[in-house]
Amino acid sequence: MSILIDNNTRLIVQGITGRDGGFHASKMKSYGTKVVGGTSPGKGGSAIDGIPVFNTVKDAVEATEANTSVIFVPAPFAKDAMMEAADAGIKLVICITEGVPTLDVIEANHFIKRKGANLIGPNCPGLITPEQSLVGIMPTMIFKHGGTGVISRSGTLTYEVVYNLTKSGIGQSTAIGVGGDPVVGLYYQELLEMFENDPDTDSIALIGEIGGDAEERAAEYIKAHVTKPVAVFIAGQQAPPGKQMGHAGAIISSGSGTAAEKIAAFEAAGVPVANEPSKIPELLKNRR
Amino acid sequence: MSILIDNNTRLIVQGITGRDGGFHASKMKSYGTKVVGGTSPGKGGSAIDGIPVFNTVKDAVEATEANTSVIFVPAPFAKDAMMEAADAGIKLVICITEGVPTLDVIEANHFIKRKGANLIGPNCPGLITPEQSLVGIMPTMIFKHGGTGVISRSGTLTYEVVYNLTKSGIGQSTAIGVGGDPVVGLYYQELLEMFENDPDTDSIALIGEIGGDAEERAAEYIKAHVTKPVAVFIAGQQAPPGKQMGHAGAIISSGSGTAAEKIAAFEAAGVPVANEPSKIPELLKNRR
Amino acid sequence: MKVHEYQAKEMFATYGLPVDKSEVCRSVDDAVKAYNRLDTSKVIVKAQVHTGGRGKAGGVKLATDEVELRQHAAAILGMDIKGFTVDRVLVGEAVNIDKEYYASYVIDRKSKSTLLMISKEGGMDIEEVARVSPEKIHKFVIDPSVGVPDYLAREAAFKLFDDIKLVRQVAAIFQKLYTLFVNSDASLAEINPLVLTKEGNIVAIDAKMTFDDNALYRHTKIAALNEPTEEEKKELYAKSKGFSYVNLGGEIGCMVNGAGLAMATMDMIKLYGGDPANFLDIGGSSNPTKVIEAMKLLLNDENVKVVLINIFGGITRCDDVAHGLLKAFEQIKTDIPIVIRLTGTNEKEGRALLEGTHFHVAETMGQATQKAVSLVNNNHD
Amino acid sequence: MKVHEYQAKEMFATYGLPVDKSEVCRSVDDAVKAYNRLDTSKVIVKAQVHTGGRGKAGGVKLATDEVELRQHAAAILGMDIKGFTVDRVLVGEAVNIDKEYYASYVIDRKSKSTLLMISKEGGMDIEEVARVSPEKIHKFVIDPSVGVPDYLAREAAFKLFDDIKLVRQVAAIFQKLYTLFVNSDASLAEINPLVLTKEGNIVAIDAKMTFDDNALYRHTKIAALNEPTEEEKKELYAKSKGFSYVNLGGEIGCMVNGAGLAMATMDMIKLYGGDPANFLDIGGSSNPTKVIEAMKLLLNDENVKVVLINIFGGITRCDDVAHGLLKAFEQIKTDIPIVIRLTGTNEKEGRALLEGTHFHVAETMGQATQKAVSLVNNNHD
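As they're listed, the protein sequences go chains D, S, X and A.
Under numbering that gives the first Met the number 0, the first residue of the first sequence is numbered 0, with each subsequent residue one higher.
Under numbering that gives the first Met the number 0, the first residue of the second sequence is numbered 0, with each subsequent residue one higher.
Under numbering that gives the first Met the number 0, the first residue of the third sequence is numbered 0, with each subsequent residue one higher.
Under numbering that gives the first Met the number 0, the first residue of the fourth sequence is numbered 0, with each subsequent residue one higher.
Same shape as in the complex, but just chain D (with noise of 0.2 Å):
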């Protein structure tokens, strides 16, 4: 088992005609991942990398019976595509793009939870199951399959956990980077209760930043709802306030959404923070 992607998932891909989202379709095949289809308006009938291309969301589904789909499309076409896979039956969407308008992530999100689907992202790696399916852009050789399920609001920083994590002998159940947009789909609250409920899954590495309060939320879920081990690093202590660290939604406002403020939720809550990334694994298998 694993959390939302696994060997049933049917991907396709939006805006597989760009360059990223054709590279990275190829990469998910290579993967093993069942990249059914692909989206470009007007190129419908072509074929990259041997997957058919359609021109729209509908007939991809139609004709392949996908459940699940990432996209690829600029930033401007992001809202569109992430409601018009929901609208076509997609029960899992993936947004890869980054610098969507926070008001679009709000309206596609709403739209999307309507349609009883889910949207991870966007401006996130995307999330993966090793050996069984990758959707996103994770480089698949830092992973392996394994007990602990890995939830990041960062890119490169959920790599160099995971692996860690890999060379410490931990395998991966499943790792999802959630976006590092001040809204996104999918977050902390919901996937650990998924990593709680999933059965192949023993602990669970979070890794936060500032900006927000969802780690003091997920600290008392986790208080309340987890019974399994779970680490945590926080980036961005030395971050000024005011200043947008890279992602839009790492940012220090008004004095709250701080390092320390959330270092100090988690372990009032019991869970131990890493002071490096390198001390997750350590912080796992001391905890099992």
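Careful, some of the hints might be misleading.
[Claimed, not checked] Taking lysine to aspartate or glutamate pairs in the EDC-like style, the calculated list, with each CA pair at most 20 Å apart, reads:
id, chain 1, residue 1, chain 2, residue 2
1, D, LYS242, A, GLU226
2, X, LYS197, X, ASP97
3, D, LYS114, X, ASP149
4, S, LYS166, X, ASP149
5, A, LYS207, A, GLU127
6, A, LYS347, A, ASP318
7, S, LYS242, X, ASP86
8, A, LYS175, S, ASP79
9, D, LYS242, A, ASP318
10, D, LYS42, D, ASP79
11, D, LYS242, A, GLU230
12, A, LYS81, A, ASP124
13, D, LYS26, A, GLU234
14, S, LYS114, D, GLU106
15, X, LYS138, D, GLU106
16, X, LYS1, X, ASP97
17, S, LYS242, S, GLU266
18, A, LYS232, A, ASP300
19, D, LYS242, A, GLU234
20, X, LYS1, X, ASP149
21, D, LYS112, A, ASP107
22, D, LYS114, X, ASP142
23, A, LYS109, D, GLU281
24, A, LYS370, D, GLU275
25, A, LYS109, D, ASP58
26, A, LYS233, A, ASP149
27, D, LYS227, D, GLU260
28, A, LYS332, A, GLU348
29, S, LYS242, X, GLU230
Just so you know, these hints were derived from the structure itself, not from any lab.
None of the values given here were measured: they were computed from a predicted structure.
Knowing the structure of chain D, use the given hints to seat chains S, X and A on it.
Below, chains S, X and A alone, put in the same frame as chain D:
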């Protein structure tokens, strides 16, 4: 039993300080309906006939645990009133108001459905479960508790039929006026299903009229799903095409929506159609 | 409420929808001036009337020079099409049609939504297409809370075109037409045909819009375009008095409370061998003033030989109704026989009040109708 | 992106939101002219700066005659508030305040929605109110597919007022402010205080708006109002090169791929006793041109004593990254020591390529950081 309303109905009256709202609030209350509150922005804290008035439906629901709302506000404000009710957690919204723009009804009905609630009307007389609850403007004296469910697009024509039923000794489980507009909330199919599943309903009277093809679809539905006897009357055989016959929805457009088509559809489905409203009781008695 | 093609096209243009260049003209001279301003050899002259089938009636003609234009304009202006006299023609540049398509937004009762309907079978009677080959019509249900997003417009456009440039053009048209539809509270916005020109452009060369009467209060500019027929003026007058009135041409005038009951009443008259003069719903209650106004309407109709009043006394009890009727008829002078049928709450008391007056009082709709029909026949004798 | 109060008020006025009469002035003479045009005795002079706390800093003054006005305008213009030099003041009619309220729309991460926040505690620091008496702040989650319907605006307004006239006034303000918020892709639209005047009117006497940087591409007029500080100009320049850069003032310059890893790197520097000079995310890949541009940025900062490059090789393998770095540094002349830490796919091959060059190569973030810190300390010696 009955459908939609009964002794558990806790009603608020939106627009209770208006002439019609106040008048019918008292009528409903004296019939025994649990009229727990009313709304009128700016009149919160006052009372009408002993019924407390609130500024907002939200306030009213919080204070009274109302589950049903009936709307008497003027047409330009009806959409807002319908949405306010659903947003406040009301599960059955009845809109009496006539002359509501169609796109307003479409918007409100979509919103109400999204909130998991149901709409009856607009431009309808409401509904009654005789000797339990009246929600609307129906004249109570003609109704009698019994086993026939009544569904109608009309007001006084419903009373005419009910009057004849009662005179023939046939009581009613619930009688509903769905409204005379082109787009209204609950319609034949949903209500036929409810009556079919209601153990206290043993037969159904359906009163249709020209315009649209809801009767044709109802005939199909009855044939496929309704086991209880149904008798039908269709008004408007003499209506000329292109003319709106009182109800905004009663119009034969481009040659479709005629009474003849509807009567033919019911007859083809094996449902007897009365040539006079007074023949309905006879048709129902014959079929039981 | 209907508007003319040229009025609909003006609205189209306001919303950035591509229409052919055209001018509305009220005289042959105007048409000639328009022709010269259009500065093109081939133009089309179209009667502007509130009815369909103007093509078959000879109300649409192609002109290739000024002489022809004069001839056609002169022939069409003043022409009678299904009872409508043509007082305006639209003179428009004739576009080079490559293919014709159909597009419309309508209110769909079943899905309780606005529906986008499109077809490759443009330029023909869409009801005929729907009957003969329904698979050629594509329907898209619009969620009012999201409208027509880009993807949906594209999805629809791909049903008509493969070329992405045309898809984008027509998708934008679908979006703009929806905005116009919603912003103006339309009940129909139809382009038939929507044309692909030989030059590769997409143009609406006809435009039809009707509007929701219930929403006209918030569209005063559109409401001002109303051009009621003589018949519709009567109906509007009745509406201003709180009634719904439709003339049916028969001899038995009806006055009923409630639209459904009013329809049932006219059906019953026919069933019993008579001819209803009208549909008249005087609304919920029946106070004397209303009855007086309603009687004026009925008595204005010279065909009316008998009046049938059918009232169901509900919230207003029958005895109150009877008092009201008696009071009203104190002020109405007429020799026309009046049949009154009163049922509902306190009906016996109500009928008792009317007994012994000059009214013919009946208990059931059947009796009342029979009486009214026989009175007409007596009159004929 | 922030705008000044006077710019926000211009937007307010465009959307029909009531604001006090005021004029922005760049000189004392301008202020006097504005004072005379306002034609009122009592005016308020407010510094226009992109920071809070201007009141406490003396940047807001009341003037009751021209002399006072001159004095205040002269004092405020040129004043330094938290590092911002005041070059504009807003001279506005002083309204007769009866009560002060708070209203704002913000993006709420938790509900993934826009939030309407209102309070009767206007004119104070709202974060302070939220901390001390959170029950005094009312929050309404806005469904983006319906916006702020009348009933919701009224519901909110009733939290501030009982009088239905004021409720309607303020409800309209909530609706207009939402329209402005959405139409301009704002991330904050705040009125503090929203004032009830002694005359019974409701007026926004302050206005604060910030906008979503990701949406500025579709709001060129708003984007044109941007007035970046010197610091922000550097950040914008970095952004134009595809980087995210923030100056932190320390001695160890960092160059990292990925924002999270970049934050972790600066945290590690602190953890190991150093001071990060900056946050710098050079994005996913690391081609030579990017590295050259990034190094220019770092070397422009005179504080930088050591550069720490921390790259996670994912899709781009470490050996490719190493080749890229070597190529880039052929063109970069600097004596500053460079520590490189390379991990990820093909890391051994990558590190092997860098061994024996002038780079200090490390395997883990810990080792790299320690090395960088010790190099700084050596330099100090």
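Status of the hints after comparison with the structure:
{"no.": "1", "hint": "D:LYS242 - A:GLU226", "result": "holds (16 Å)"}
{"no.": "2", "hint": "X:LYS197 - X:ASP97", "result": "holds (5 Å)"}
{"no.": "3", "hint": "D:LYS114 - X:ASP149", "result": "holds (18 Å)"}
{"no.": "4", "hint": "S:LYS166 - X:ASP149", "result": "violated (59 Å)"}
{"no.": "5", "hint": "A:LYS207 - A:GLU127", "result": "holds (18 Å)"}
{"no.": "6", "hint": "A:LYS347 - A:ASP318", "result": "holds (8 Å)"}
{"no.": "7", "hint": "S:LYS242 - X:ASP86", "result": "violated (24 Å)"}
{"no.": "8", "hint": "A:LYS175 - S:ASP79", "result": "holds (17 Å)"}
{"no.": "9", "hint": "D:LYS242 - A:ASP318", "result": "violated (34 Å)"}
{"no.": "10", "hint": "D:LYS42 - D:ASP79", "result": "holds (18 Å)"}
{"no.": "11", "hint": "D:LYS242 - A:GLU230", "result": "holds (11 Å)"}
{"no.": "12", "hint": "A:LYS81 - A:ASP124", "result": "holds (17 Å)"}
{"no.": "13", "hint": "D:LYS26 - A:GLU234", "result": "violated (33 Å)"}
{"no.": "14", "hint": "S:LYS114 - D:GLU106", "result": "holds (17 Å)"}
{"no.": "15", "hint": "X:LYS138 - D:GLU106", "result": "violated (25 Å)"}
{"no.": "16", "hint": "X:LYS1 - X:ASP97", "result": "violated (29 Å)"}
{"no.": "17", "hint": "S:LYS242 - S:GLU266", "result": "violated (26 Å)"}
{"no.": "18", "hint": "A:LYS232 - A:ASP300", "result": "holds (14 Å)"}
{"no.": "19", "hint": "D:LYS242 - A:GLU234", "result": "holds (10 Å)"}
{"no.": "20", "hint": "X:LYS1 - X:ASP149", "result": "violated (30 Å)"}
{"no.": "21", "hint": "D:LYS112 - A:ASP107", "result": "holds (17 Å)"}
{"no.": "22", "hint": "D:LYS114 - X:ASP142", "result": "holds (12 Å)"}
{"no.": "23", "hint": "A:LYS109 - D:GLU281", "result": "violated (31 Å)"}
{"no.": "24", "hint": "A:LYS370 - D:GLU275", "result": "holds (16 Å)"}
{"no.": "25", "hint": "A:LYS109 - D:ASP58", "result": "violated (35 Å)"}
{"no.": "26", "hint": "A:LYS233 - A:ASP149", "result": "violated (45 Å)"}
{"no.": "27", "hint": "D:LYS227 - D:GLU260", "result": "violated (23 Å)"}
{"no.": "28", "hint": "A:LYS332 - A:GLU348", "result": "violated (25 Å)"}
{"no.": "29", "hint": "S:LYS242 - X:GLU230", "result": "holds (11 Å)"}
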